[in-house]
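**Student:** Each chain, written out:
4 protein chains.
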Amino acid sequence: MSFHSLEGNAAFWPRFQGIRRQTEQLCAPLTAEDSVMQPMVDVSPPKWHLGHTTWFFETFLLLPHLPGYEPFHPQYAFLFNSYYNTMGSRVARSDRGTLSRPPLEDIYAYRRHVDQAMEKLLAPALLQTLPELPALVELGLQHEQQHQELLVTDIKYILSCNPLLPAYSEKKATVSSPVSEKQGQNEWCTVPAGLYSIGYTGNGFSFDNEHQAHQVYLQEFQARRTLVTNAEYLTFMKAGGYSDFKYWLDEGWQLAQQEQWQAPLYWLQQDGDWWHYTLHGLEKVEEQAPVTHISFYEALAYANWSGNRLLTEFEWEALSQLHANPVGEGNFLESGLLHPVASALPDHPSHVAQLLGNTWEWTYSAYFPYPGFVTAPGALGEYNGKFMINQMVLRGGSCATPQSHIRPTYRNFFHPEKRWQFTGIRLAKS
Amino acid sequence: MSFHSLEGNAAFWPRFQGIRRQTEQLCAPLTAEDSVMQPMVDVSPPKWHLGHTTWFFETFLLLPHLPGYEPFHPQYAFLFNSYYNTMGSRVARSDRGTLSRPPLEDIYAYRRHVDQAMEKLLAPALLQTLPELPALVELGLQHEQQHQELLVTDIKYILSCNPLLPAYSEKKATVSSPVSEKQGQNEWCTVPAGLYSIGYTGNGFSFDNEHQAHQVYLQEFQARRTLVTNAEYLTFMKAGGYSDFKYWLDEGWQLAQQEQWQAPLYWLQQDGDWWHYTLHGLEKVEEQAPVTHISFYEALAYANWSGNRLLTEFEWEALSQLHANPVGEGNFLESGLLHPVASALPDHPSHVAQLLGNTWEWTYSAYFPYPGFVTAPGALGEYNGKFMINQMVLRGGSCATPQSHIRPTYRNFFHPEKRWQFTGIRLAKS
Amino acid sequence: MSFHSLEGNAAFWPRFQGIRRQTEQLCAPLTAEDSVMQPMVDVSPPKWHLGHTTWFFETFLLLPHLPGYEPFHPQYAFLFNSYYNTMGSRVARSDRGTLSRPPLEDIYAYRRHVDQAMEKLLAPALLQTLPELPALVELGLQHEQQHQELLVTDIKYILSCNPLLPAYSEKKATVSSPVSEKQGQNEWCTVPAGLYSIGYTGNGFSFDNEHQAHQVYLQEFQARRTLVTNAEYLTFMKAGGYSDFKYWLDEGWQLAQQEQWQAPLYWLQQDGDWWHYTLHGLEKVEEQAPVTHISFYEALAYANWSGNRLLTEFEWEALSQLHANPVGEGNFLESGLLHPVASALPDHPSHVAQLLGNTWEWTYSAYFPYPGFVTAPGALGEYNGKFMINQMVLRGGSCATPQSHIRPTYRNFFHPEKRWQFTGIRLAKS
Amino acid sequence: MSFHSLEGNAAFWPRFQGIRRQTEQLCAPLTAEDSVMQPMVDVSPPKWHLGHTTWFFETFLLLPHLPGYEPFHPQYAFLFNSYYNTMGSRVARSDRGTLSRPPLEDIYAYRRHVDQAMEKLLAPALLQTLPELPALVELGLQHEQQHQELLVTDIKYILSCNPLLPAYSEKKATVSSPVSEKQGQNEWCTVPAGLYSIGYTGNGFSFDNEHQAHQVYLQEFQARRTLVTNAEYLTFMKAGGYSDFKYWLDEGWQLAQQEQWQAPLYWLQQDGDWWHYTLHGLEKVEEQAPVTHISFYEALAYANWSGNRLLTEFEWEALSQLHANPVGEGNFLESGLLHPVASALPDHPSHVAQLLGNTWEWTYSAYFPYPGFVTAPGALGEYNGKFMINQMVLRGGSCATPQSHIRPTYRNFFHPEKRWQFTGIRLAKS
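Protein chains in written order, with the UniProt record's numbering: chain A, 1 to 430; chain B, 1 to 430; chain C, 1 to 430; chain D, 1 to 430.
No lab work stands behind these hints: they were computed from the structure.
Among the clues, some could well be false.
Claimed, not checked - Pairs of lysine-lysine residues, derived as BS3-like cross-links and limited to a Cα-Cα distance of at most 25 Å, are as follows:
(1) B:K171 with B:K284
(2) C:K386 with B:K238
(3) B:K429 with B:K246
(4) A:K284 with A:K171
(5) B:K418 with B:K246
(6) D:K238 with A:K386
(7) B:K386 with C:K418
(8) D:K429 with A:K386
(9) B:K386 with C:K238
(10) A:K418 with D:K386
(11) A:K418 with A:K284
(12) C:K418 with B:K418
(13) D:K418 with D:K238
(14) C:K386 with B:K418
(15) A:K429 with D:K386
Isolated chain A, as found in the complex:
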């Protein structure tokens, strides 16, 4: 995790407060019972997210750096450690759903306790004496933002398992510009062959996995200017995409057969129409919105069927360097829409839409270390590096990603079969 120049320590406390409050606002619509659900092992109970993000500050900031800090409860370290072997034993990931106690109000008290101590730690006078602290605080905040996204997707999965299909929130009215049929306009843009610099080189925050920046040689390719829409995906479905092995990777095909996949996650057919569960309840699938909740296997099968392919993560980053739309139109967590939305082609013929926000874009790149990658010493070295196998890189953030958390060099990663994140498809061709 690198972290060169920060905007001034005085700004820390308000930013800390804002991000911590945002987490709690995300949980506000939940019942206490919702907060302990773990309907599949990938999902963590919201109560656990609330505790774990707090444990992170207590463990890595307060205990080592705030003189006289008293931990809130002697067993919380056991309850809320996620995967840091360095930090000792912990509740097994699959058992997080057994944590009916501590009750939800205790977790909020835990948050208050830690936030008050953090306010002391972030006092400019103290901060000045601890030069290593700003980077750690920043990491804690970025970490909490990552869990905000997971909270949204985990809550969606939790509520979707309930036979009552409850809505998490009311749908916001969107004033989306109509997607005009711009006849003749090119849907593809071109990235020329050459050496591109990949990885983070700025002065802000970045994760260790975005380093070291290095040169990658790319051949010329073309990328679609918009994400694949539900209408396009429905065409694939109707054409038998889910029942013809030839578009699929073998492991994906076997899984799709076994799980009887016929559509993206959360979709169901009623009286001939396709509906899907959203955070606003069951809704009709909107044709112009980007398709989402598909696995890498489905993304690639779609690409193969359409005669195209997916981008690599290096191509994606080069695309963003050359063709990003300078007019910020991203649909992030802050929009409150909590679902990808349709967008028109940008006016400028070389700009691509929906690059940041809306849906994460599956790339055909494995989540592996960049040349010269080194992990941090100690527990924080377990943050990213130990997961660099069997996972695919996703780029660009989604409608559940906080806007200040994402950047073009950001590397997200999931196993190719996962579908509960807001994942989508951008096509490429050579």
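Following the hints, position chains B, C and D against chain A.
**Tutor:** Same frame as chain A, but now just chains B, C and D:
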């Protein structure tokens, strides 16, 4: 379920109220989060018990018999049907833990709604016109009492899975008579050979599986006058009972090896002493109390090791006919102790102790139909008969059984590997 | 295993030779590759049966009793011990199919080696000095006969898994008496209420589980004089027997759904007709032959559907005492038919057909110890007793049982879901 | 599969004969029973390899191209199709071990039948009229060579599962040059930064996955001139490498814990010494030989522990372009050693040893398509492309690889947890 003469319909409503209130009192110490836990498939969430017992009255009493009754919610029948195929599809047993919604307060509102309607149905004037009703109401109440016992054992299991090992309630002070060492007193009593009548023949309520009463020929045998104590079981453990296959049934031995059983469920060793989780938190194992939370396999291994055997259910019933202690000293749900307690040998040398209450006693009898057994028509025919395979009969009730629910002919049944009920051991020899 | 008076020791060697040869003749049609197959965990490879029965004589007869006997190979004890913990570690049951070595010819050499030593041991002069020997030899022969039946059923299962569906042997022409429609003849016979003596009381060989003989009181019942036929079972199938839960035990219903059972094992439908795999290859299902290869669950579902029930093992034994057909017409292993065949009602109106041979008859009795049952000391105590849980008793032997091996008190036992034995249905009613 | 210029069609038949004979020679030491073993799902029975390679010629060569060809048996296509969905249904991979029939001699007859027909097809006169044929024949031969390697590794696994630990063949005396301690000699060589051409560009045979050749930019790195030895790996083991999570990827660590890995596959400790099962039976681990039978997880853990890393597949290919030892010293299938052997550092300080042969070298590269990769039309398009997920690239061939089958651009691929191939470790550093 037979039900010949009842104590007068006027008594129904207070009894109904009392039993319904008892269920809610059992859940009072729980948090909302506790109420949705399902840490293993055998356990149902307390919220589900609260809803399911209510669904039973709504489905079998109110909908068919109370004119104008409106169901509380159209989907509750799907949520709270347990296993009645006749009544349609339902939430899979293993998915009961996903029911964060409806929230707990809605379930209590559901109970109010149904109780108010039941008060109307139980008005003597209406009741007189519906001769089939008393038997159904009685079944609903007996059914709710069965779930009271399951609530206690499920809550114990739920809380025991929590790393904080919270107590459900304060321990009550017991004024147990000291267990004197009555030297020379015979610990065994004899049941002579002969034909015994087995099964229910009285005029009160009984389940279908207690019928038909029939003659069984027994050879002479002897039964222990008290349950096996923790001290005795510890001797078995120290003698290597868990590591010598020759005392065990083969399937039990394989399971014990695989699950690494070394002691009853809930036991753990600290600094050389044995402790166990109780509903009052972690406590030292009390030597004179009956051992509990053991599987049939462990019960039989203990019996084999001690050179004795278990009773059959027929022997147990004959024992209760000849040797029951007329001085009621049972430790039932109403005692609030929620754990088996020590008892002295009865003064009368032919009386046995702890026959009803304290712990269910594993018998070496399969849960199979009595001669002439017939199931009721319709959904209630699924109550008992379809479970008559692979399960062992237990007799006598436990410290979690309501006193008015148990009788000597009562047949409880569990798979031989189950340990989360209050199960214990009574020895026999020929 | 009791064994009171034997026919004279001189007869031992020819009988030994005959039974040993019979085992090898059963394996003669197999390829070497067939001899190592274990397509499911219940099935043992034929090579293993050949070795294990030999190991039994080596271990329990030769090593302890023949001076100077040298074991054939130091590791065979590890390879061919089945389940005797007393005799040390062994190849896991599920790994028997990994034994490509020793090659088949070595196993036959092992058999020669042991048989030659046994000839010495069975010399009358030696035998006279070892009074405990005859019972052990007899047990070894009975044990080998048990494995002959398993060989037949395991071979059938093995070959049935092969896509080529090879025949094991040519079908023998049967001169079965035509099953005449004896109009008006009673298909049921009656057993009156009373005390019956159950268990073995003769002077020949019997297993420990047939002891102690004891009194059982039975109520009056009626039993069908013939086994349920394929034609009758097809009526059940056509009436939707496999798709209506109400005939089924709950565990059976869940299993049948999960495994998609629609017919007995080995049955398949082609162009509207039902065929089944037999040891003579694929054949059309013969309507008048007894149905076979059904689980206890299917047997009971059929009985429930037909408005009848199954017998208990005690009822079956009483039936055989009162109504056995003195005209031996059993279809045993020696017939070489290797499949159950049709039979007519016996001429005498109180005689029942097909009681011994043809198919084992599922009873609604658990395989539990008789009163006073004791296991033998040492390894042979593991022969039967440790399996007395979760299994159902079957009575009467089958077309794969050697005739000299079966008797009316014989208790066979399998888990209720097993279908690869020649199992069938006899109905009862009260 | 590209295939530009071949050495002349006349040479086809002798080469075909030689490769086919080689396959059969590999199976010669096996018993018929060995030939049907499938002790884990990754392993195919040798009989199946013999049939499947033959099916390949029958299906893709003879049926479409030899007029009047009659298939050997109508069901063999079902039995011996491996994974070509295009070619219809087939025996499930996990059920290949059920194929006791057809007997082994039938498979050899099948091979004769197909070989005779192939001789006709490969007659120069016919060959001239079928320009697409040479490439297909070549593919069939390369395919058979791939199965030769799998035969060796599968046979090793099969025999290792047998408690008798039989040897496959006698150990050949090796006249390995002593590994002299060349003090001061550099064990590393350097590859400078720059653009490298990756992928096959020659005129011989190559697989589709080696195309298209393309430019890759590499940063400067250093590679070890020899493979990691058993002595080095033992140091890692003794230093606690298997019990310290910090060297491991998380999924590898969890697997290693679960499977209780303490050493490479086939290793066992006796009296303080390490032995391993080889194709010549149990042998003491030789310190100077390359370590083998390790997973990617172990390879990476070793690299991390040693302070180095693994190469990417692109680095490996660049290394081979710059530093291959022109003196062929590879230990391939043809050596008959069937195990990796020690080698000295090459005399020339810039040459690396053991690049081809001995062990496959795990790279930290995912098995993904090269830019512009396209699959062949029809069934052969399933050859490689559909496996491009979740697998790691290995380079260089092993002691079980035919020498004429391997080349520096060859991409082998296995899941990171696999250990039954001859896999090894070459280190890199930046």
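**Student:** Each of the hints needs a verdict: does it hold here or not?
**Tutor:** Quick rundown of the hints versus the structure:
The straight-line distance between the Cα atoms of B:K171 and B:K284 is roughly 13 Å, inside the 25 Å bound, and the hint therefore holds. Simply put, C:K386 and B:K238 have alpha-carbon atoms about 23 Å apart, close enough for the 25 Å limit, and the pair holds. Distance hint between B:K429 and B:K246 is fulfilled; the C-alpha atoms sit about 19 Å from each other, no more than 25 Å. Our distance criterion of 25 Å between C-alpha atoms is met by A:K284 and A:K171, whose separation comes to about 13 Å.
Pair hint B:K418 plus B:K246 holds up; C-alpha atoms about 21 Å apart against a cutoff of 25 Å. Restraint check for D:K238 and A:K386: the C-alpha separation of about 23 Å stays at or below 25 Å, so the hint holds. Pair hint B:K386 plus C:K418 holds up; C-alpha atoms about 19 Å apart against a cutoff of 25 Å. Proximity of D:K429 to A:K386 is assessed by CA-CA distance (about 19 Å); at most 25 Å being required, the pair is judged to hold.
Taking the CA atoms of B:K386 and C:K238, the gap is about 23 Å. The hint holds against a cut of 25 Å. Note on A:K418 and D:K386: the hinted pairing holds, with a Cα-Cα distance of about 19 Å set against a maximum of 25 Å. At roughly 23 Å between alpha-carbon atoms, A:K418 and A:K284 fall within 25 Å of each other, so this suggested pair holds. At most 25 Å may separate the alpha-carbon atoms for a hinted pair to count; C:K418 and B:K418 meet this at roughly 23 Å.
Under the criterion of a C-alpha separation no larger than 25 Å, the hint pairing D:K418 with D:K238 is consistent with the structure, at around 23 Å. A hinted pair counts as satisfied when its Cα atoms are at most 25 Å apart, and C:K386 with B:K418 qualifies at roughly 19 Å. Restraint check: the Cα-Cα separation between A:K429 and D:K386 comes to about 19 Å, which is no more than 25 Å; the hinted pair holds.
Hint compliance for this structure: no hint is broken.
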